[in-house]
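Trainee: What follows is each chain in one-letter form.
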Amino acid sequence: MDIQERRKERLDRGIKVRTEGIYAVSSWQEVTYLVLPRLILIVGLLLLPLLIPSLYWKRVVSIAGIYGLLALGFDFLAHFVGLVSLGGAFFIGVGGYTAAILDKSLGLSPAFTIPMAAVGGAFVCTLLLFPALPLRGVYFAIVTLMYPLALMRIIEALNIFGGTDGILGVSSFPNRWIEQYCIIFTVIFALFGLRRLVNEDIGLVFRGVKDNDQAVRASGLSITFYKAIAVFIASGLGCLGGAYLSHIYMWSGISQFALDFSVIPIAATVIGGGGTLVGPVLGCFFLVPISEWLREFGTLRIVFYSVILMAFIMFRSEGIMVYAQRKYHQFERWVKV
Amino acid sequence: MSGENILQVTNVCKTFGGIQALLNVTFAVQRGEVFGIMGPNGSGKTTLINCITGFTKMDSGKVLYKGKEISHKPPHQIANLGVTRTFQIMRPYYSLPTYKNLVIPLFSPRARRTGGWRGGGKLGDRETVSIDILEEIGFERDSFVPYKLASALPTGYLKRLELARCLALRPDVILCDEVFSGLSMSEIASMVPLIEKLQMDGITLIMVEHRLRELFRVASRVMVLNFGQKLTEGIPEKVMQDERVREAYLGSEKASDYI
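Heads up: the protein sequence lines correspond to chains A and B, in order.
Mapped onto my numbering, the consecutive letters of the first sequence carry residue numbers 1 to 337.
Mapped onto my numbering, the consecutive letters of the second sequence carry residue numbers 338 to 596.
Derived by calculation from the structure, the hints in this document are not laboratory data.
Don't take every hint at face value.
[To be verified] To spell it out: a stretch of chain B is covered by chain A in this simulated footprint if at least three of its residues, at any positions, have a beta carbon under 8 Å from a beta carbon of chain A; those stretches are:
#1 415-421
#2 425-436
#3 440-448
Backbone N, C-alpha and C define an ideal beta-carbon position, used for all residues, glycine too.
Model the full assembly from the supplied sequences, consistent with the hints where possible.
Mentor: Take a look at the structure:
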């Protein structure tokens, strides 16, 4: 009796190979092949506020957008720079408080406070994380996890920035549409911007730092400097989300340092597919609504949530986007060995 | 050769815990020469290279490059001054295609000074320049090899890629840490002319090597290390006749030692 050994062979589709060159513009088929997935994503995100009627779920979309920014930052740092960051809560908190303080003390409108909080907050985060930059892997993760916990207690103990009450009466957006499209456009720009960045020359340096940091040093580049730039970018995205959060809730407080902001982006990255940048964003727009929907089940919510996460990790551990990209670009067939 | 010392290493010492890895190593390398460093396993050759290029902090001693002190500078600054190195255990960026590997050194301040912000200046962008460098070092431009992932390359090409990374920085000095090790005889035979060509281009080479036959073909002077100390230095023929060198490599031939 002979045992039939089979393996799965994967071949790139012809159209995928053809569209990699400049000839992609030569036929409608190929242009569509390239543009359609991107178009579905962009149009889908833009239609979300129009399709969703209830105010409650509109707010959920905004929150999902904030988590999307955090997940983008996490995926960028983890899969393109090699820094595992649990700093989501840290970034949101710093951004949120910066925006609230700017709003209350200078009386600026959200159009100014959000960009200022994003850049200023990113400076603060990068500066505070600078001593930890030579660390790698789980050690860096621990430092990023300590900051939000510490800052929360410091604000509570010293009773600064409103103490446990937080900063109340932060100005809101003029109307719901501006509020919604503000975050959706930001997510789209951040997503496509980062996708482009990692394929630029400086993006290759980031990927080099992840792959082999000693070789980057031998190439005459300071790894600490480039890690700092990467942390600046990721924390800028997080702080932007935090500033936005302060303005939609018209409040900023120590619950912005909650660890949800660190953990959910990681879960979304696992579900969406790490290293794709699109995946984590989609993961957030999938996870956050599910987590809201499960509120109906009361305390059982966490159980259902864990089951969903576990199912993903066990049966689709590569993530939705990695799986979808493979199906889109490649044939699969069984061949005899 | 002008006879000017491009690299002057004085009394370099390094200990790892209780082990004296280097003890008062002193030597000088002239501009444009090929200087060999040899010695048995564990004699401190790689540690010496690490100390010169800043990857390991030396305990004491001084390294002068073109008359200026470079000891205690971080490795990326030393590389930017033109003192580059290869790694014995190759360190390519495995997840990137081979030609993209060279974009990273071409992004360094030193390469940018000559190439401009976009890369090679008149020569094209960084990817064009990196293919040119790869061709120079033995990657066929029209083959698939330069476009493959670095993780798919065999050892021979990875060793060349190490050299190519140095060349992308337009170096004055290259410290080669065993570029011939792990290669087949035919691969070594094709590497030797490359080394000779680098020397003709005016690059100073310091080669740590176990393949003595090939080393002696290219090196004008060699230095022998044993247990972190310098045994001797001179032209290869003289050095190999030195009794202490034979002893370090082959063990003593004195009859009394066998009793």
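Trainee: Checking each numbered hint in turn, tell me which of them this model violates, lowest number first.
Mentor: none
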